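Asker: Spelled out from the first residue to the last, the chains are:
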Amino acid sequence: QQPVQSPQAVILREGEDAVINCSSSKALYSVHWYRQKHGEAPVFLMILLKGGEQKGHEKISASFNEKKQQSSLYLTASQLSYSGTYFCGTEIGSNYQLIWGAGTKLIIKP
Amino acid sequence: NAGVMQNPRHLVRRRGQEARLRCSPMKGHSHVYWYRQLPEEGLKFMVYLQKENIIDESGMPKERFSAEFPKEGPSILRIQQVVRGDSAAYFCASSPLGQGATGELFFGEGSRLTVL
Numbered sequence: 042q043q044p045v046q047s048p049q050a051v052i053l054r055e056g057e058d059a060v061i062n063c064s065s066s067k068a069l070y071s072v073h074w075y076r077q078k079h080g081e082a083p084v085f086l087m088i089l090l091k092g093g094e095q096k097g098h099e100k101i102s103a104s105f106n107e108k109k110q111q112s113s114l115y116l117t118a119s120q121l122s123y124s125g126t127y128f129c130g131t132e133i134g135s136n137y138q139l140i141w142g143a144g145t146k147l148i149i150k151p
Numbered sequence: 003n004a005g006v007m008q009n010p011r012h013l014v015r016r017r018g019q020e021a022r023l024r025c026s027p028m029k030g031h032s033h034v035y036w037y038r039q040l041p042e043e044g045l046k047f048m049v050y051l052q053k054e055n056i057i058d059e060s061g062m063p064k065e066r067f068s069a070e071f072p073k074e075g076p077s078i079l080r081i082q083q084v085v086r087g088d089s090a091a092y093f094c095a096s097s098p099l100g101q102g103a104t105g106e107l108f109f110g111e112g113s114r115l116t117v118l
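Protein sequence lines, in the order shown, are assigned to chains A and B.
The first sequence: position 3 = 44 (my numbering), numbered continuously.
The second sequence: position 18 = 20 (my numbering), numbered continuously.
There may be inaccurate statements among the hints.
[Unchecked claim] Reference excerpt, derived from the structure (chain B facing chain A, CB under 7 Å, subset only):
id, residue
1, E106
2, G110
3, E111
No wet-lab data here; the hints were simulated from the structure.
Note that the coordinates shown come from a computational prediction; the quantities given were computed from them, not determined experimentally.
Where is the CB? At the ideal position from N, CA and C, for every residue including glycine.
Bound-form chain A, shown alone (with noise of 0.2 Å):
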């Protein structure tokens, strides 16, 4: 039930593109993306609800195909405040649990 995401880790230089799959074997109701840095609390980025929308935040965004039930984040000219551990959170029906993924960890460097 746990959501899959993809790479595990990626190591990229700051301006370079990364993209974070997240798939799931359940139908999906949404899909949540978090940030974390080593030791401090998750902060949220964004929330894709069902019907295949697409969202941005900055030069982060992030896609949801139901049909697939996977969604992907999408981060351009990445910069080295973009390091930490992104965590995709699913949630099966409209119950407000959301079963997290193990996490992608991703390292900028200069």
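Using the hints provided, position chain B relative to the given structure of chain A.
Answerer: Just chain B now, kept in the frame of chain A:
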């Protein structure tokens, strides 16, 4: 407007002792969630509470763990007779939205429990 406040940030206990973790949600938020996180892993849902009510405790171990969110005061996650396997970071999140609604969760900085 203060964020979600958790304390203590770090707690060390010996096996068999009790651990009490506290969470004060953001002002105006009456929905609290507790999550557990092991190193290099994702968040595992434990319990969802509203004021004076446990809505969903399906993620809580049946024994030794309990949670409450009283009318006044913080939400408390209580772990009795701790064992080494309880060592983890425990995060609290709050939300202004109720059950069935989808919204942003506001997380606290977490309480890191170490059991010796």
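Asker: Starting from the hint list further up, note which numbers the structure goes against and sort them upward.
Answerer: none
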